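Given the structure of chain A, go ahead and fit chain B onto it with the hints provided.
Protein chains in written order, with our numbering: chain A, 2 to 209; chain B, 2 to 209.
Hints are computed from structural coordinates only; laboratory data are not their basis. Only a predicted model underlies this, so the values are computations on that prediction, with no experimental measurement involved. Don't take each hint at face value.
The list makes no distinction among identical chains, and a pair is therefore deemed to hold if it is satisfied within one copy or across any two copies.
Mimicking DSS-like on lysine-lysine, the simulated pairs with C-alpha atoms at most 27 angstroms apart in a straight line are [said to hold, decoys possible]:
id, residue 1, residue 2
1, K74, K28
2, K28, K62
3, K52, K38
4, K74, K62
5, K184, K81
6, K38, K184
7, K38, K28
8, K74, K38
9, K28, K81
10, K74, K52
Here's the letter readout for the chains.
There are 2 protein chains.
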Amino acid sequence: MQGNSKAPVPTLARLATYFSVLGDIEKQGIAFINSSKIEDRCGISASQIRKDLSHFGEVGKPGVGYEVVRLRKHIGRILKLDRTQRVVIIGAGRLGQALAAYPGLTEYGFEVAGIFDNDPAVMGTPVSGLVVRDAASMHALLPELNAKIAVLTVPGPAAQQAADMVIEGGVRRILNFSPAHIKVPRSCMVRDVSFTQEFAVLAHYSED
Amino acid sequence: MQGNSKAPVPTLARLATYFSVLGDIEKQGIAFINSSKIEDRCGISASQIRKDLSHFGEVGKPGVGYEVVRLRKHIGRILKLDRTQRVVIIGAGRLGQALAAYPGLTEYGFEVAGIFDNDPAVMGTPVSGLVVRDAASMHALLPELNAKIAVLTVPGPAAQQAADMVIEGGVRRILNFSPAHIKVPRSCMVRDVSFTQEFAVLAHYSED
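With the rest of the complex left out, here is chain A (with noise of 0.2 angstroms):
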């Protein structure tokens, strides 16, 4: 399978952790590594991360392992983390402020351009170095920043709007914080991130 093939998500997930771990090593020098050392740094199985791997034609060598650098700069490319995606964020509170200072976003080429709330009393204010623009200013400053990707922390009820505008300014790939499911041309992409989700799976599996 190539770089360009679609993967699935839960794939890509596992690969963007690789990625991340890689990284790690790679910082600390150390040049070949095994599958079953990358297990004791993320959790993944070492023969899911071998089947994962050889899917995308990736085979350590025997008694060496994979090579560092290669494997993730190959990561990268299959996940186009070797490029800046430009981003733009959607609602300038807590979470859109903790989004926009995440130092992983950097780390894996993802560059924020910028931010956008329609409450008065946040606009011009500065958050991570870029000042809070118009929300209603959205669909003409959209295709200048050039982001691929919104990111919606908004809250549920402004939801839909925020997606129309972000999809009428031309962007394709939506991150949904919101609790809110929006409704999207067939040509984008939502992935919806839900915090009461997270908490309410953790809940079932508490012991009373």
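Frame of chain A; chain B shown alone:
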């Protein structure tokens, strides 16, 4: 399958979505709803919805659908959202503050019982009606806070120590927002929420 059995995580995540959607429907005073209407509101296919619900013994009446209040209660019991679950937040930065203020938590029956940080500049400051406590006091305070779930919103290098401390304080369920992989005893469960992973998945699906 009864409420006490352990359903697979993706099923639980969908149940949490139904629970949320049914809450909105209930607020609108709708008594019965069919799977197609639920699909319209959450994007999960009607056939998947019927399959999930029948798995837990819920079958809609032909031409009528599911009884909204009863179905929501049943799902709440399965997810253990029919009781208050106490949560502590470790890390009072932007993300910790955002989660402490997240309205969805209350709606799902989660109560933030405490918030901790190891930064003296932050200790003692108010966050969502709580006062940030010294992380060093966690061990002593956690048992009396009686929290079952800990949320880690600390930087990666601080995550393992924070996890060790909450486990020492009796917590067995951890929602890990840090980018680090944390190791826990078998009796504990960790859910990782990785923002960079979510971005990486979207990046792979971007057009160029």
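Have a look at K74 and K28 and pick one of within, between, both or neither, based on CA distance no larger than 27 angstroms.
-> Intra 14 angstroms, inter 51 angstroms, cutoff 27 angstroms: intra-copy only.
Could you figure out if K74 and K38 sit no more than 27 angstroms apart (CA to CA) within one copy, between two copies, both or neither?
-> Within one copy, since 19 angstroms is at most 27 angstroms while 45 angstroms is not.
For K52 vs K38, is the C-alpha pair at or below 27 angstroms within one copy, between two copies, both, or neither?
-> within (15 angstroms within a copy, 40 angstroms between copies)
Are the CA atoms of K28 and K62 at most 27 angstroms apart within a copy, between copies, both, or neither?
-> So K28 and K62 pass the 27 angstroms test inside one copy only (21 angstroms; across, 60 angstroms).
When no copy is named, should K74 and K52 be tagged within, between, both, or neither for a Cα gap of at most 27 angstroms?
-> Result: close within a single copy only, 18 angstroms intra versus 41 angstroms inter.
How would you label the pair K38, K28 (within, between, both, or neither) given a Cα cut-off of 27 angstroms?
-> within (15 angstroms within a copy, 51 angstroms between copies)
If the cutoff is 27 angstroms on CA atoms, where do K28 and K81 land: within, between, both or neither? Let me know, please.
-> So K28 and K81 pass the 27 angstroms test inside one copy only (21 angstroms; across, 43 angstroms).
Alpha-carbon proximity context of K74 and K62, limit 27 angstroms = Close inside one copy (17 angstroms), not across copies (54 angstroms); limit 27 angstroms.
How would you label the pair K184, K81 (within, between, both, or neither) given a Cα cut-off of 27 angstroms?
-> Cα proximity of K184 and K81: one copy only (26 angstroms, versus 29 angstroms across).
Quick one: K38 to K184, C-alpha cut-off 27 angstroms, is that within a copy, between copies, both, or neither?
-> The answer is between: 14 angstroms across copies meets 27 angstroms, while 42 angstroms in one copy does not.
Hint check: no violations occur; every hint is consistent with the structure.
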